[in-house]
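Here the protein sequences come in this chain order: A and B. For the record, in the first sequence the residue sitting at position 49 is 49 according to the UniProt record's numbering, with numbers rising by one throughout. For the record, in the second sequence the residue sitting at position 41 is 41 according to the UniProt record's numbering, with numbers rising by one throughout.
Be aware that one or more of the hints could be misleading.
[Claimed, not checked] To give a feel for the contact side, a few chain A residues facing chain B, derived at Cβ under 10 Å: (1) D82; (2) E105; (3) H133.
I should point out that these hints are in silico values taken from the structure, not numbers from a laboratory. Nothing here was measured: the structure is a model prediction, and the numbers come from that model. Just so it is clear, CB atoms sit at the ideal spot from N, CA and C, and this is done for glycine as well.
Here is what each chain is made of, one letter per residue.
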Amino acid sequence: MTLDSTVQPGDGGLVPVPAGGRLRIVDLHGNQAVDTLVYDAHDIDNRYSAFDTIREQAAVYLTTGSTLLSSRLDELAVITDDTCGRHDTVGGACSQESNVIRYGEFTRHQHACRQTFLRYGAPAGIGQRQLTHNINFFMNVPVGSGGELRFDDGLSAPGRHVELTASRDLLVLISNCPQLNNPCNGWNPTPIQLLGWW
Amino acid sequence: MIHDIPGGAAWSAPVRAGRVLTLTALADGANASVLIIGADRLDRLNIPDTLKSQMSACIRPAMVLMSDRGTALATVLESSLEWHDCLTGFGHDRHLERFGPSSYAQDGNGWRRSARLGLISELTKHGFGEGNLHGCINFFSKVGISDDSRASLAYLPDHSAAGDTVELRSEQDLLIFVSTAPHPLSMEPYAPAGVRVETALATEEPDLKLRDEGYRALEQTRGLLT
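Given the sequences, and given the hints that come with them, work out the whole structure.
What follows is the structure in C-alpha cells.
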C-alpha cells in the first residue's frame, strides 16, 4: 500500500495516481458525498467528462464497470470495485453561489466543495476553466422516466468503498463535501479514507 | 435578428440582455447542441446546478439556466416540447464514423463535421477554446431515462418535428454557441435538420411558474446587474 490517509469533512486533496494504480475511497461513517474530478496528469485539458461518460455507457449512474471518459473520449479510469452500488455524476458540486440559490442567503458564507477544489487544484493549474462537472461518490441522486431528479438519503453505509483503476497517469481532485443543507452527507459531514496501491 | 443555421453546421452570436431568443426546428428530428457563456466572458452554463436546483433531469419550461457562479443566464419561457436532453453531451468525430469518411474535398459544404469540432471552432472565434467546453443542452432531442437500477438511457428518434420551438429570455449579455450536428445517440441516416434563430426585445414579464430557486437566481442576477 502506498497511500493511506484520512480526509476530514470540508477538506480535500489532489492525489497523483499512476497508470495501473488503484485508488480506494472508503466512506468511513456512511452517507458521505465525495466530490471527485479526474485529470490526465500530463494535460489537464484532457479531463473527466460526466456527460460523455453517461452517454457512452447509456446509463446515468456509475458503478463497477463504468469507464470514466475524458472530454476527448480517452479512458481515464475504470471503477473496478464498488460496495455501495451506485454513484452520482449529474448533481455537480456545491458552491457558495448555488447554495444561496437552493437554500437562501444565510448559506452565502458556508464552506462548499468549489472552494476545496480551487484550493487543491490551484498548484496543478486547475482553476475556474478546468472545474468541470464532477462525480459524487456515495451520493444518491435518483432520476426517473418522468424527467424528475432529487437528492435522497445515501445508499451508502459505514465502511463501504469504491475503487478506481487508473488507465493512464492521473490527478484525482477530491473534496470531502461540507454540505449541511441536504441529505447528501446525512446532515453530518464525516471523514473518509483514501487507500492507494501502485 | 433572424438566421437559419443549416443542419450539420455551427454558429455563435452575442445576445444582449432582455431579448427573447426563439429556436425553431426547420425539419423533423432536429438537434441543437447549445453552450452559453455569461456577460463576464467566464461564467458558463452549468447543467448540474441548473438541474439540481430545479429538481429536473431535463430542460423544460419554465426553468432558469444557471451558471457556474450561480447567476441566471437565461430563462426557458416556453417550448412546444416538454423535454430537451442535457445529460448526454454533444457529438464527437467518432459518432460520425458510421457514415464513412467525409471531407470538404469530397463532399463540399455538405461535409460531415461533429458538434465538438464546430463548437470549438465557434468558441475559438470569441477567444475561447477546448478548455471552455462544458455540459450542453441538446434542444429538440430526448434521451429517455428508464426506471431501472442504472437509469438506462435510450434515444427517442421521433421526439421533435418541424416547427417545434423553444423560447429563451436572456437575463444578462450572453454569448451563445450552437451546433446543429446530429445528436450523438441518433442512429438515423445523416440528414441533420436546420434550426432558425430569432431574437426580439422582451417586452413583458410573462407569468412564469418557476420554482423558488429559479426566482432566487433571477433576483441574485438582477441584483448584481444593477
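Exercise for review: Could you tell me which of the hints above the structure violates, numbers in ascending order?
Suggested key: Result: hint 1 breaks, nothing else.
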